[in-house]
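J.: These protein sequence lines are chains A and B, in that order. The letter at position 115 of the first sequence is residue 115 when you use our numbering, and the numbering goes up by one with no holes. Remember, our numbering sits 1000 above the position in the second sequence when you count from 1.
Treat the hints as calculated values from the structure; they're not laboratory data. Don't be surprised by glycine CBs; every beta carbon is placed ideally from N, CA and C. Honestly, I wouldn't trust all of these hints.
Pairwise CB distance ranges (calculated) [claimed, not checked]:
{"no.": "1", "chain 1": "A", "residue 1": "V13", "chain 2": "B", "residue 2": "E1224", "range": "45 to 55 angstroms"}
{"no.": "2", "chain 1": "B", "residue 1": "I1181", "chain 2": "A", "residue 2": "I240", "range": "51 to 61 angstroms"}
{"no.": "3", "chain 1": "B", "residue 1": "S1064", "chain 2": "A", "residue 2": "G14", "range": "26 to 36 angstroms"}
{"no.": "4", "chain 1": "A", "residue 1": "L239", "chain 2": "B", "residue 2": "N1023", "range": "50 to 60 angstroms"}
{"no.": "5", "chain 1": "B", "residue 1": "K1112", "chain 2": "A", "residue 2": "I240", "range": "43 to 53 angstroms"}
Partial list, derived from the structure: chain B residues whose beta carbon lies under 7 angstroms from chain A [unchecked claim]:
{"no.": "6", "residue": "V1048"}
{"no.": "7", "residue": "L1050"}
{"no.": "8", "residue": "R1077"}
{"no.": "9", "residue": "K1078"}
{"no.": "10", "residue": "M1082"}
{"no.": "11", "residue": "F1084"}
{"no.": "12", "residue": "S1086"}
{"no.": "13", "residue": "A1088"}
{"no.": "14", "residue": "F1090"}
{"no.": "15", "residue": "G1102"}
{"no.": "16", "residue": "F1103"}
{"no.": "17", "residue": "E1105"}
Below, simulated SDA-like cross-link-like pairs (lysine to any residue); rule was C-alpha separation at most 20 angstroms, straight line [said to hold, decoys possible]:
{"no.": "18", "chain 1": "A", "residue 1": "K217", "chain 2": "A", "residue 2": "V16"}
{"no.": "19", "chain 1": "A", "residue 1": "K217", "chain 2": "B", "residue 2": "S1010"}
{"no.": "20", "chain 1": "A", "residue 1": "K35", "chain 2": "B", "residue 2": "S1010"}
{"no.": "21", "chain 1": "A", "residue 1": "K86", "chain 2": "A", "residue 2": "V57"}
Okay, here's what each chain looks like letter by letter:
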Amino acid sequence: MIITAIKSFLSYVGGVFIILIEGVKNFHRAPKSYKLILSQILSMGISSLPIVILVSVFAGMVTAYQAVFQTKAYVPELYVGMGVAKAVLIELGPMLTGLIVAGRVSSSIAAELGTMRVTEQIDALEIMGIDPGRYLVMPRIFAGIIILPVLTIIAESIMIFGGMLVTVLDIDISLSIFLRGVRTNFVALELWGGLIKSVIFGFLIGLMGCYHGFRAKGGAEGVGQATTRAVVSSMVLILISDYFIAKWVF
Amino acid sequence: MIGLKGLWISFGDNEVLKGLDLNIEEGETVVVIGQSGCGKSVLLKTIVGLISPDEGEVIIDNISLKNISRRELYEIRKKIGMVFQSSALFDSLSVWENIGLGFIEHFRMPRKEIMRITREKLMLVGLPDVEDKYPAELSGGMKKRVGIARAIAMDPDFVLYDEPTAGLDPIIADRINNLIIELQKKLKITTIAVTHDIISAYKIADRIAMLYDGKIIFDGTPEEVQSTDNPYVQQFIAGEGEGPISGGI
Ligand SMILES: Nc1ncnc2c1ncn2[C@@H]1O[C@H](COP(=O)(O)OP(=O)(O)O)[C@@H](O)[C@H]1O
Ligand SMILES: [Mg+2]
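Could you build the full structure based on these sequences and the hints that come with them?
T.: In structure tokens form, the structure reads like this:
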């Protein structure tokens, strides 16, 4: 029992590692494959943007509302803006964006590559002498690394904007106090730390999508399983890595 | 020339090939017949190095695939075209991109030149005016032809066909058989096909080899197949449920 579990865990880690190497060792060929990367960036960005915007508006509004509600009687109004900005930049922005894009993008990578696997398209690439590591894996991981910080910055701006709407319109704190709060005690490390996280999340999303897609077998059902696994594993890895980055950076 | 020497391949407990030997000479068409699930696709994938045998070796033009680097393997594969059972066309690419992908990725040729080659190959497989279509817009027979055009795009010395007629109606299947023969004659390629379609095998083969229980149990011309007293071969070509062949469901 335990031995089989350990064995399958090791083969999982080994398999992920192989895909990781397949992708990363081709990073130096990124300039020549810029078209493949660009088309991945576009499709990832376009497919995620609407949901990222929608979730961010509401997440920002809730954060501001809770910041006010929890601290009303004993904390000056100035700290509402500060609380929202810090929560968004350190945790909420990168984390929520990571989880949303994990759901949206790692699933579609796994579905696409899984279909290519079970219909022998990946074998066909191999036979044409085209390295799937360079042609399929590298562009997806690379695009994930680039698009996630971009989406995160967009999400953070919208979250702070949403928070501002609630505070100004609903709670009657003036715009200038809110904005002064946002700037108060701003630490650049928090912004950069959040963006570094998002780079790692983007990497994990691309990696898990590729890994589970490549491993798909057994027709449409296998592709479905690969899709679910890609989403679950990338979300879990995002949460785990978030904890460790928080420990190291802050 | 392709030489297969003592190939053993197993997946877990499932022993698929058990010491298979087969030689394919230059310019000939060898058809490997056998039941579904007997390892025909595994055999083709082994020849192109997609599967490494547990034991034995594959030799292509005097180079053994054993212990060669990925780059060397890719070089050897440039001599080989493969037509997949399900055609395996790239869904996200148009017909001309499918056929020209090797040129796009390896040589960065201008689009105009690739288009010219693509049209030429499409003419060869009898399929003009489809270069801008996508695989989803093609019928099964057309996909097969595009798959063949893609396999011969880079002028390979060897073309491997996995069940070239499976899933096609008898008339389209016969046209594909004719196409395989025609290409072999025109382009002087060495052809290996695997199939369970005995009619197709008779039609295209110079030599037919039967794969059973992980080995080649018979190897001869179509005439020899028809006159053999090997009971396994007799059962297979007659398509009888009862007989010495026990595998399959
Ligand atoms: N990648 C693989 N992993 C595990 N088993 C495989 C794999 N590929 C093929 N097999 C098994 O090998 C046997 C032969 O398969 P295949 O070569 O596809 O048969 P066919 O003669 O119909 O083409 C089958 O039992 C199949 O389940
Ligand atoms: Mg098969």
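J.: Could you run down the list of hints and mark each one as holding or not?
T.: How the hints compare with the structure:
1. A:V13 <-> B:E1224: 45 to 55 angstroms: holds, 53 angstroms
2. B:I1181 <-> A:I240: 51 to 61 angstroms: Because 59 angstroms falls inside the window, the suggested range holds.
3. B:S1064 <-> A:G14: 26 to 36 angstroms: Given a distance of about 27 angstroms, which is inside 26 to 36 angstroms, the answer is holds.
4. A:L239 <-> B:N1023: 50 to 60 angstroms: Check passed, 57 angstroms falls within 50 to 60 angstroms.
5. B:K1112 <-> A:I240: 43 to 53 angstroms: Given about 51 angstroms between the Cβ atoms, the range holds.
6. V1048: holds, 5 angstroms
7. L1050: Constraint on L1050 (chain B) satisfied, holds at 6 angstroms.
8. R1077: Holds, about 5 angstroms.
9. K1078: holds, 5 angstroms
10. M1082: This interface hint holds because 5 angstroms falls under the 7 angstroms limit.
11. F1084: Check passed: Cβ of F1084 (chain B) comes within 5 angstroms of chain A, closer than 7 angstroms.
12. S1086: holds, 6 angstroms
13. A1088: Result: holds, 4 angstroms to nearest chain A Cβ.
14. F1090: holds, 6 angstroms
15. G1102: Interface hint status for G1102 (chain B): holds (5 angstroms vs cutoff 7 angstroms).
16. F1103: Since the shortest Cβ distance to chain A is 10 angstroms, the answer is violated.
17. E1105: holds, 5 angstroms
18. A:K217 <-> A:V16: Holds, at about 16 angstroms.
19. A:K217 <-> B:S1010: The given pair, whose Cα atoms are some 17 angstroms apart, holds under the 20 angstroms limit.
20. A:K35 <-> B:S1010: Distance of about 40 angstroms is beyond 20 angstroms: violated.
21. A:K86 <-> A:V57: holds, 16 angstroms
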